[in-house]
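Spelled out, the chains give:
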Amino acid sequence: MDTTRLIIVAVGGQGNLLASRVIGEAALIADVPVRMSEIHGMAQRGGVVESAIVFGDASSTVISDGEADVLLGFEPSETLRALNKCNANTVVITSLALLSPFTVTTGSSVYPSLSVLQALIRQKTAKLIAFDAAALATEAGNVLSVNMVLLGALIQTGTVPLQVENVKEAIMNKTSKTFVESNLKAFELGFSVAKELG
Amino acid sequence: MHKLLTEHPGLKMLLLGNEAIARGAIEAGVAVATTYPGTPSSEISTNFFQISRESDLYFEYSTNEKVALEVAAATANSGVRSMCVMKHVGMNVAADVFMTLAYIGVKGGLVIVTADDPYMFSSQNEQDNRYYSKFAGIPMVEPSSVQEAKDMVAYAFNLSEKLQQPVIFRTTTRINHSNAAVVIGKIKEPETRGDISKDPFNHVPVPAVARKLHAKLLSKLGEAEKISEDSEHNFIIGNGAWGIICNGVSYNYVSDAVKDLNIENRVKILRIGFSYPMPRAMIKRFLQECEKVLVVEEGEPFMEETVKVLAQEEKLTLSIMGKSKKFFSRLYEFDPALVRQSIADYFDVACSPAKVPDLSDIPEIPQRPPNLCAGCPHRATFYAVKKASEGMDTICPTDIGCYTLGFLPPLAMGDFLICMGASAGTSCGFSKVTGKKVISFIGDSTFFHSGISGLINAVFNNHDFTMVILDNGTTAMTGLQPNPGVYMKKLNLDVYGKVSIQKVVRAVGVSHVTVIRPYRVKKSVDAIKEALHYKGVSVVISEEACTLYARSLKKARGKPFFVSDKCKGHKDCINEIACPAFFIKNKRVEIDPDLCTGCTVCAQICPEHAILPIRNI
Ligand code: SF4
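The listed protein sequences correspond, in order, to chains A and B. Just so we're aligned: 152 in the numbering used here is position 152 of the first sequence, and the numbers increase by one with no gaps anywhere. Just so we're aligned: 15 in the numbering used here is position 15 of the second sequence, and the numbers increase by one with no gaps anywhere.
Isolated chain B (complex conformation):
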């Protein structure tokens, strides 16, 4: 049985934040869960995927976040408890649904998990998604710990059903990827079937209906604020005259700091967990009882701005500090020492920071940037494109996935990146105005996510570029999730269909379509050359399984290679393809047989034919 289906209420389990959220949903009787995977949210869905195979939970990997939210909006409007999970930037994709779903509302609970990534450990921006809540007028909760992450899910579902509105469950990486002991609760039996009444004057927001629904949204928001005032998730600790208002993980740093600085009897902490609408009356009372107030929140001054407005409404003149040069930045994430120091500075108490040893005499430590895995088919494709485009003046828009790493030298394939699917649209623009050869890269999952619409645009508007689709048969970066191009029957999962990328590409009207096997270097180079010379939109589909995926399925086939004494030390293998299986020992090039997957690419490009399979010794 899946560990998150364990029955024993009261049992203490070590859970990852994301596991705790999944467990919370199971305890709340979630019946439908949808997602598009994205770090730091991915493990919530990995667990749902496994759980759905041994319970009544319906779970799907949707093609993108917009579709995921549409599916969940419908199931929730049919009265079925639903959860939709995404990383922060996924909300941008789902925003169109989200903004109007706020008008329509829900019947069964709908909890939307958005996992923000301050410091951008695995993201292209660090947008603060709390503003989505304010933007749409949708209530939001934010946990501070792993235990609370579990407990708050049921609260969010109840709130959603009470208000008949979706609820945002907002986390940050340090919640998603923290582990702690969690006391589990009782599992509620899910209601898996539902229905929707025919009620177009509430469900079909044509202008006349939408005008009425917007007013309804605002009145629900008023109701939500009343609940926020009394919510157990907004609470005050201590009764000193110095006030600190904080949320999420900042609350942990504040609690530790107040103890470490020994100012527990002088400080009052207001922890905001139900963070939109904010409990305005509660905050006003808090401000009235404080001499000065520090607002501690990562990201944007979301709470700070409201707190200052409330002080103004009460004609209070106390100092309220938050984001400023001297205290907290809008950049990156916080840490305990930073918060402790800022609290000490603001309230003027002594603080002796830990002494980091003098590191000025430490020699330069070699950097260890992430790299495509040894034998990764993307490396082979990038190499082939590089060879095929030699001498051409190119621009290479790239996309989101492991293959983004191809922008690093020596492959250096990746000149422009915005967000999921943007390689296709940006290629249209670059090819129009630069007169250069545009070659774009997009993975299979990203192509289905949002690359298709850009490609259709290219065909319709008659653009001129080559799209290289890196089809490795999985969504590798986020942990090997399936996508519509994956043949699920091979994994003994037979309730799935399969979409052929090649057929889609041909069907939208691309006339020059080539499929290559990237480990066949010369053939691939020749085929790509031809595609590059085609005037108009050409597509090259590079098909080869992700090596990590192949290994996980025990389908890896290659035998490792070694460098024989024919090697004359040109180092083309290292300098041109940079496979991490290579290393230098006693000035000789060697291959780590544990890393080598036997993809044979290096053997094909070695001018001395010195790289041979180990069995040939």
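Next up, chain A with everything else stripped away, as it sits in the complex:
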């Protein structure tokens, strides 16, 4: 089986670890070999969190620079920061809802303009799907379901070897009972928006 490499970047607390967990479970259900690595600890106090997910016949759980097939970004400036993981064939999916880093609040740095940011990503990769995932999460009834919205968009692009049913089953099994409904709704909303934009 071919190898597909997916990088997820987020800000600590955005729920990317749960997103990778769901992806992993979905792969298990679909009987697709999967390996993932993530960074815990200090990085979680509001810092950048990165997960690497490798599907198919490879042993490594780490993704080198330039070797991601897909980049899923939970926050636009973090997506931009992770461009070193991409190449000209990479598909990039990002939320445009920004979480202003504290260095911007204190005035020691400036947040890049979102239009410039999108133009740059478009120019350097194969495809960019960008939308406000936070707005869709709110629409789904749970602001914290940004991760599920993005998961929906990811699956719609067909860039990873998982089917909608696999992921939905994993969401039902692995996310908190109280949120299953809003999570599934969020997944659907992300899926539809990627279809429109794709």
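These aren't lab readings, by the way, just hints derived from the structure by calculation. Careful, some of the hints might be misleading.
What the hints assert, rightly or not - Here are the simulated DSS-like cross-link-like pairs (lysine-lysine), alpha carbons at most 27 Å apart as the crow flies:
| id | chain 1 | residue 1 | chain 2 | residue 2 |
| --- | --- | --- | --- | --- |
| 1 | B | 212 | B | 284 |
| 2 | B | 555 | A | 177 |
| 3 | B | 12 | A | 174 |
| 4 | A | 168 | B | 3 |
To be verified - Cβ-to-Cβ under 7 Å is the rule here; a few derived chain A residues that face chain B:
| id | residue |
| --- | --- |
| 5 | 38 |
| 6 | 67 |
| 7 | 104 |
| 8 | 163 |
| 9 | 164 |
Stated by the list, open to error - Chain B side only, calculated, beta carbon under 8 Å to chain A, not exhaustive:
| id | residue |
| --- | --- |
| 10 | 6 |
| 11 | 9 |
| 12 | 12 |
| 13 | 145 |
| 14 | 252 |
| 15 | 336 |
| 16 | 351 |
| 17 | 359 |
| 18 | 365 |
| 19 | 366 |
| 20 | 373 |
| 21 | 575 |
| 22 | 584 |
| 23 | 587 |
| 24 | 591 |
Each residue gets a CB set at the ideal place from its N, CA and C atoms; glycine is no exception.
With chain A held as given, fit chain B with the ligand onto it using these hints.
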């Protein structure tokens, strides 16, 4: 039921490396597990803690790694299978026990997990703990994958019992924090009771006994080497004339690289999983069959040095390469592309690296350093100390925990850090020779871990500094583990005692002790000022629950605040305390109500009294 207690052998589960290790221990019939938490090892113990509440497993969070290993050394010497878990630097703390336990040995299996952290994702150094194994003469195994991490635990227990020696189970972050599908096996019923025979001439290493025990250790090491020669964890794949010797995660990068470079029929890979003692005869045979050999290992040239010695013994002159400017560094961790390129360069085969897009026109992206949580009581304490020490020439040794982050501006509280507990000892030294006011910071868990001895030293040797104990009622950094100061009955866990920090501090002879509530800013500043002016050792205990912990217990009480139009834009709130709940929108200061915990610190320092609770709108 805890998922790691699932019975169905053959079932495939998605497990984190650390969960796989815990499961491996359960399958091996572990009866006692001890730890001091530390990333990247922590989740092994989190799982043991939960499992112990619904099974016969005895688990404890010990006060530090030394104590953890002592407890496990005793239970293992009573014939009970035991595991002791720590991060790499924890081994330094446990080393005193470890080095002599090697002489005494064990009766029941004892597996010591040490989780190394190449690249220092969450550590203060990247020491290579494989040397501990060589240092003490204790066998070591190292898994390469999550599945193997589970499977190797039972192997390590059996090995330990066979040799009557502890065994080191050495991992790196990329094993601990990787997820993969794992096929689970059968659970062995643990033997929870044991006994130790009175046998002082083997158990009490006074010099005459120790001399005999050292000889015994060396003979066991010889036996271990024989087992290593035939171990299923040391194996050769392929039969080309180019040799690669590798261990741990490097094996994955090598396997992928050899496939990607299409040189599978030219390469022979020796994967070392039983890595001390190394299988010397096996390696010699391997070398004899190779034209040239590349050693791929993160960290220090641990295997490389031995391989070169063995080549010399065999009078072989083939090229053996490992750590060098051109190939592998002793710094940081490896990745697939780096290993692929080095293999291609060394064996001179074509390799087309992935093309990273030209990023020179990317605007500067704002940094996102980790920060103390919104409402974190440490921020309030640091602010109060800063105010109280205004105008003083200070040195602030700090310690290991979330509060280490206080060294960042604008709080800038943290001038020196070495290891767990060192703030206390280093304060003694700084105060002696600099003549400056020394103020040290230490968390509650770190204080119990190894701060107490430094404080006793300070009292005895009559040093002059102020120790600020940041008591947030948990071990926050590693994931909210309990410590001896935590009132466990509140968590409905009634088999625990409780140690009062205040009583300890008074009992060791500190005469100036103050307890503050850091969210009361003015009172805290005044109390700290007084402590700072005291000549001798003074201690300030700052008591307030970690906000993350309070939230997890659903005990957070504050209501969020907002910035009213009284704000004149001084931005003291942002510039002095840097709480991440603040942001700027249309040039106005605002508070994110989802992040604000209502700690009220900013409201107390705002010169315009512009920050108000939301309910007052
Ligand atoms: S986890 Fe607790 S102690 Fe750590 S930064 Fe957050 S609030 Fe502070």
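Tell me if the interface restraint on residue 164/A is satisfied: Cβ within less than 7 Å of some Cβ in chain B.
With a minimum Cβ separation of about 19 Å from chain B (threshold 7 Å), the hint on residue 164/A is violated.
So, residue 6/B near chain A? Judge it on the closest CB pair being under 8 Å.
Violated, about 14 Å.
Holds or violated: residue 212/B with residue 284/B, Cα cutoff 27 Å?
32 Å, violated
Under the criterion of a CB-CB separation shorter than 8 Å, is residue 365/B in contact with chain A as hinted?
5 Å, holds
Interface hint compliance - residue 38/A to chain B, C-beta minimum distance less than 7 Å
Holds. Min distance 5 Å.
Would you settle whether the hint for residue 67/A is holds or violated, based on the nearest Cβ-Cβ distance to chain B being less than 7 Å?
Holds, because the Cβ-Cβ distance from residue 67/A to chain B comes to roughly 5 Å (cut-off 7 Å).
Can you verify the interface hint for residue 104/A: is its Cβ closer than 7 Å to any Cβ in chain B?
5 Å, holds
Does residue 12/B hold up as a contact with chain A if the rule is Cβ-Cβ below 8 Å?
6 Å, holds
Hinted pair, alpha-carbon criterion (27 Å max): residue 168/A, residue 3/B. Please report holds or violated.
21 Å, holds
Is the interface hint satisfied for residue 163/A? The criterion is a beta-carbon contact with chain B at less than 7 Å.
Since chain B brings no Cβ nearer than about 17 Å to residue 163/A, farther than 7 Å, the hint is violated.
Are the Cα positions of residue 12/B and residue 174/A separated by 27 Å at most?
15 Å, holds
Given residue 359/B as an interface hint, is its Cβ closer than 8 Å to any Cβ of chain A?
6 Å, holds
Of the hints listed earlier, those the structure fails to meet are numbers 1, 8, 9, 10, 11, 16, 23, 24, in rising order.
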